[in-house]
Amino acid sequence: EAGVVQSPRYKIIEKKQPVAFWCNPISGHNTLYWYLQNLGQGPELLIRYENEEAVDDSQLPKDRFSAERLKGVDSTLKIQPAELGDSAVYLCASSLTTGELFFGEGSRLTVL
Amino acid sequence: GENVEQHPSTLSVQEGDSAVIKCTYSDSASNYFPWYKQELGKRPQLIIDIRSNVGEKKDQRIAVTLNKTAKHFSLHITETQPEDSAVYFCAASSTGGYNKLIFGAGTRLAVHP
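Protein chains in written order, with our numbering: chain A, 12 to 123; chain B, 4 to 116.
If you're looking for bench data, these hints aren't it; they were derived computationally from the structure. Just so you know, not all the hints are guaranteed correct.
Claimed, not checked - Quick list of in silico lysine to any residue cross-link-like pairs, SDA-like style, CA-CA up to 25 Å:
#: 1; chain 1: B; residue 1: 25; chain 2: A; residue 2: 16
#: 2; chain 1: B; residue 1: 45; chain 2: A; residue 2: 64
#: 3; chain 1: B; residue 1: 45; chain 2: A; residue 2: 16
#: 4; chain 1: B; residue 1: 45; chain 2: A; residue 2: 123
#: 5; chain 1: B; residue 1: 45; chain 2: A; residue 2: 14
Sequences are here, hints too, so could you generate the full structure?
Set out below in structure tokens:
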């Protein structure tokens with residue numbers, strides 16, 4: 012069974028440029044999450060989807076971050092414009108409604 | 004909202020020794036406490052979890068204990084092996100169900116041969 016797939020694995024951009032990350036969850040998982048992981052820290056929730064509805068986006072910096080989950084499957088996370096402080100690993104995870112979270116390998120962003 | 008504190012931040016043990024990592028949480032309504040292991044450059048993976056109606060759970064060399072009164076839970080690894088070296092994260096579900104997890108800052112465990 013395929014796990015959570017994320018792309019790109021690595022991205023280097025200059026500040027003020029836009030960037031987008033893509034996530035394909037495990038088939039059948041209705042809940043999808045985007046987490047931010049800074050170096051040496053635990054994952055911090057950015058947004059959680061139940062199917063195509065964003066049920067918790069309280070931690071998402073909405074001035075520059077946006078996310079969507081069209082059709083309740085794949086999801087994209089966008090940053091525009093990126094800032095130096097956005098350098099981090101962006102983790103996508105999926106789960107059944109009350110089940111274990113399965114994480115992807117993450118997308119490591121470096122903003123120069 | 005929920006806040007999870009984890010300690011120690013780093014832990015170094017000799018192969019064969021035991022390792023204990025402790026976490027405290029703030030929201031008394033939290034009811035699900037998983038532990039994730041993250042090897043360098045890899046994804047976090049669930050190694051064990053416990054729900055609030057259970058005080059202890061064991062899986063081979065790994066055990067987790069929960070004290071709901073004191074709002075703390077711990078991970079115990081016995082007979083440590085070099086492949087146990089990784090960063091371990093505890094988490095607690097905030098109000099909102101099992102899938103609203105708040106993570107601790109992590110413990111970097113090094114097991115020396």
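Here's how the hints hold up against the structure:
1. With a CA separation close to 31 Å, the supplied pair residue 25 (chain B) and residue 16 (chain A) exceeds the 25 Å bound.
2. Restraint check: the Cα-Cα separation between residue 45 (chain B) and residue 64 (chain A) comes to about 29 Å, which exceeds 25 Å; the hinted pair is violated.
3. For the hint pairing residue 45 (chain B) with residue 16 (chain A), the CA-to-CA distance comes to about 13 Å; that is within 25 Å, so the pair holds.
4. For the proposed pair residue 45 (chain B) and residue 123 (chain A), the alpha carbon gap of about 24 Å is at most 25 Å, so the pair holds.
5. Under the criterion of a C-alpha separation no larger than 25 Å, the hint pairing residue 45 (chain B) with residue 14 (chain A) is consistent with the structure, at around 13 Å.
Going through the hint list in order, the structure does not satisfy hints 1 and 2.
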